[in-house]
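Visitor: Given next are the chains, with one letter for each unit.
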Amino acid sequence: MFAYIEKIKEISNRLLKESTVDLIIGFRKGTVPMMNEPCFAKTPEAVDGLVWDSNCGINLANYLANRKEKIGIVSKGCDSRNIVTHIIENKIKRDQVVIIGVPCKGMIDRHKIEAMFDTEIEAVTEADGRLNIKGDGVDTAIDKKDVLQQNCTICTHRNPVIYDELAADLVEEQTDVDKYEDIRRIEDMTPEEKWEYFEDLLSTCIRCYACRNACPLCYCPTCFVDESQPQWVGKSQNPTDIRTFHFLRAYHCAGRCTDCGACERACPMGIKVRILTKKLEKDCLELFDWESGLTLEKRPPLDTYRPDDPDDFIK
Amino acid sequence: MKVIKIDKKNWAEGLKRLADKFPLFGPVQKDEFHIFKELHKDELPDLSLQNTRLSPKSVVYPQSETLFEYTLDEKQADHHILKEIDKDYLPRAVVGIRPCDAKAFLLVKRNFDTPEYKDPYWIKAYQAVTLIGYACNTPCSNCFCTTAGCGPFHEEGLDVLLVDAADHYLAQIMSEKGEKFITAAGWDTSAGANDLREQVQTLKQAAETKITARVSTDKLKDKDTTALFEASFWEDVAFACINCGTCTYACPTCWCFDIQDETFGSSGIRIRNWDSCMYPLFTHHGSGHNPRDMKMQRVRQRFMHKLKYYVDKYANGIQCVGCGRCIRLCPVNIDIRKVCDLMNSFES
Ligand code: SF4
Ligand code: SF4
Ligand code: SF4
Ligand code: SF4
Ligand code: SF4
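Chains as they are written, first to last, in the working numbering: chain A, 587 to 901; chain B, 900 to 1247.
Excised from the complex, chain B in its bound form (with noise of 0.2 angstroms):
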């Protein structure tokens, strides 16, 4: 693994290179936040942000994305068919992940790319992405990420990390794809000394240990899984959610999803939405029966899912980076590391 040193002069120079090659995403302030978009050329992604204010998902996984589309015109030979809808999958790279959120892709991609399912839209998206990612060295106060099997300046699912180091970026660059990236920008990549490990290194130290929060979750796969869905602690934890799903449209992890077909005249589009499990419709059956019609079965879903049932299934953690959004977001102040704790130190 080389890790490279970029000053800061030369840094525009590069991205603009770059962005003559292929689309850039990067964060940028809107209004009082920061959100993830394509830049426009001689566009800088913002990196004095602590995150954005949504999670970077929606690169690979919009909130709306349109599939097929069809026309109900009998005169039409193709009528009633579902056309798929070109898309671009060009190569693109996101600049300024944060490692949470690039890891988060992993999570999710458990979900869609399955050896008997693969879901080709996010498959293809998430091909194309080269992820520069981020490392935080001062994590916000909220983030829990390295008891959520994450880190300020975790590795997985990046191809390169990049390190503020005052005058200079440290890029650590993981994979082919990051490689061909640097190369791309056309930085300097000589400076590959052993020295530059060990900076990264003690960097990576020093944003460790400021981070204070964190949760347990030891336990959680020894629950008895009833047990932990009959626990009285669920009435208490739900009674301030207002079922908004914002805590799971600001997650990175959060992958569920609805089809709408939308018709207009007599052509249509058929279109895939983020859905949440916060919301009643989304167990809604055709036949007006609602499993989950109540906010405490909800509210318990979605730690269930995090927290449980996907800590059972891939044997591999909590569906969770910890980045905090949904803490800083919830109106009400629902938090899930209070969860997470009252979970796993649960006796039935």
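This is chain A alone, in the form it adopts within the complex (with noise of 0.2 angstroms):
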């Protein structure tokens, strides 16, 4: 972790001295164990704070969106997944933005390793796949890889699909997993075990939308759900409204859905939001063959139309 940081400011200082770049952005050390925040920085002090290692989950092309000047950003591979996204959605321009790529082997889950331990945990560092951890009465080692966000553990884009500088080598990606396994239990439901299950996915929903707003997606200046004319959606804590805004979030997620798992890190109820872009995510693999935010060549299939479309009610 050591190098990638060193060499995170040593191609940010660059930039920033260059003049190529007007502001970088990237994380800072948080002040809380396992949490990073995300920060600009525009002078060699700032630079000096940034920081790289397991705790940087959030992605951090929602910073992008709208703005004007030309940035450097430091970017994993789902983050640069969904800068693909932004640029092909017009929220950024290519030449606005330079990728400082971060190969990725993976964020933790705090929430994860909190629940291992019955005293709280003070500290966390890590080296080699190893995360040592102590709290009140713990001082112990464990595997990074079984405490991975969901998402991380099934990636198969932890290199950054697009960059202009490199932090380190690139990692070797994972083959062999297996995304689907979740969904597909699901889909195997009667429809009374679904609604069940979705009733219970979101019964301590506070609608806070931390979900919505971590999403690099979800940029639109005025949501569904926060529109008064017409109000699509009530705002109470009916379990109806609950339901129409997470479907129907879904929903405009599909096909650009990078599977970054930043909403479900925000998120501080621990609900696992990505079960439903998962299944969007899923069925644009199958019907068109789609994986959100790896190519600047073509457009996404919910924004092309084929004269040859196979189904029939669009014609």
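Zero decoy hints are in this set.
The list that follows gives simulated cross-link-like pairs (lysine to any residue, SDA-like), each with its CA atoms no further than 20 angstroms apart:
| # | chain 1 | residue 1 | chain 2 | residue 2 |
| --- | --- | --- | --- | --- |
| 1 | A | K615 | B | K1237 |
| 2 | A | K720 | B | Q949 |
| 3 | B | K915 | B | T1082 |
Everything labelled a hint here was simulated from the structure, so no lab data went into it.
With the hints as a guide, bring both chains together as one complex.
Guide: Rendered as structure tokens:
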């Protein structure tokens, strides 16, 4: 990790010094264990505070939309895919960003680690794929791969898909992962079981919309849930309104979601919201052979029309 | 102030007797965390927790609360008239609330119960609760209650303070409501010896020394509001914020709400829902103008309200009890302790 950080700083300082960019978007060290804070750096002092470790799960592409400056952005695999999506959707121009690619070996899920111990965790350090965990009466090491965010365990694009600079050597991509085991399980349920599953899934949602706001795709100036003329959705804790928000949001992410996991990571209630977007990701893969954010050359399936479209409802 | 000793062997039995008399609320485990909810018969509050993920403010101030109902059907005599909904304000007890969360009700009260304005729903619901606090023997590392006008054994706002002392609880009774609660539970109240109070004091000191996180708030009052408002650090503070409002929804002292009418066919209800200054809609005018349409302005509002406007208006400390929830739950690690220190040490 240390080498990554030094390289990120070196690149950032160079880009700023040569005025290639106006600011760098990256992470600085958090104030609590297993957390880092997205930040910008315009000065060598600020660059000096940049960090990189397994607590950088927030998707930095979220901080790009509609910005006017020239930006250097630290990006792991999924961030780079969301940058591609941003460029395709005209939220940022390709020549406006200098992508500092960071090959990634997965981000850790702090809630998983917290749940493993009875006492509070006071410090976590990492080295060579192991995490050293310290707390009151706890001093132990665990394998990082056992506590990854779920999306990282099935990620097949750990290396940035586009980049201008690279902070480390590319890493080996995971192959042979079964991405959709959980989705198939739900697909196989009866309608009653599905109903119950979704009811339980969303039962603790407080509608803070952290999932939406952490998502780079959710950049609409006014989200449909915030619209008041007409008001599509009620604003109370009514379960139908809560479901409407989640299901519709998932559809708005169809063919765009990169399964970066930022939504799930941000949720204060630990709700597995990715289960909804993943189903649509699977559909896009099966129906259109499409994985989002991999190329600037092709339009996404949901904004293209082909005269030979196999479905006839559109003709 | 009387302190009694409750043998843990008699704990469940007493709560059972109470549950026959009135509803009990308490923390229970849900998935990986604790929530406050009404306990069903035979369910015990789970006191193994550090604290609940969200604050228990919802027991008095629900996230969504229906206030009125109405009909638009002109064939009905009372059409277009808001009719108040019947609500249950019968006594209830919250068992296992942390001292910070109980004190938070007193802060919120400054908003809902003033000489000029009285919020009948909040006031009635607050009057209905007996708060049985649970002292923090092992406070968590991001609590900074002792420098936020509170503490792990803080008594303000509580009717009883329960202290875990190995095989028994020490219960410090602080009000008539608390007295009634203990009597109704049928626990032996005779052992009110003096040394029990000393035991509480000893545990209290031990807990307080464990709290290392702190904030400085002493200079906030004297700061120039406009200068602070225009301070250059806000851009940096606000950058990471995704305006999710989690910090305000989780906070025991945030009180803001929004009123909505929902109509289905010809009948409708008027609801009040929590709202948050972190949302753009919070200040969106009917004209379309939004005086806080930038993220930085909203982030600034949250901290200025808690740490400056409130301080100036009520001369009673900050609008925060140091529970640490916003720090633990903020997805991008915006830390009120850091911001408070920035504000407190700000020189224009
Ligand atoms: S929906 Fe979730 S997983 Fe998909 S791009 Fe948005 S934040 Fe990432
Ligand atoms: S972040 Fe979690 S609690 Fe908030 S709206 Fe999304 S699912 Fe609900
Ligand atoms: S929880 Fe954090 S990101 Fe969300 S609104 Fe509060 S400060 Fe901003
Ligand atoms: S501002 Fe944060 S620390 Fe203070 S009472 Fe609210 S949630 Fe707790
Ligand atoms: S911080 Fe914001 S949401 Fe909380 S009470 Fe103040 S204005 Fe309301």
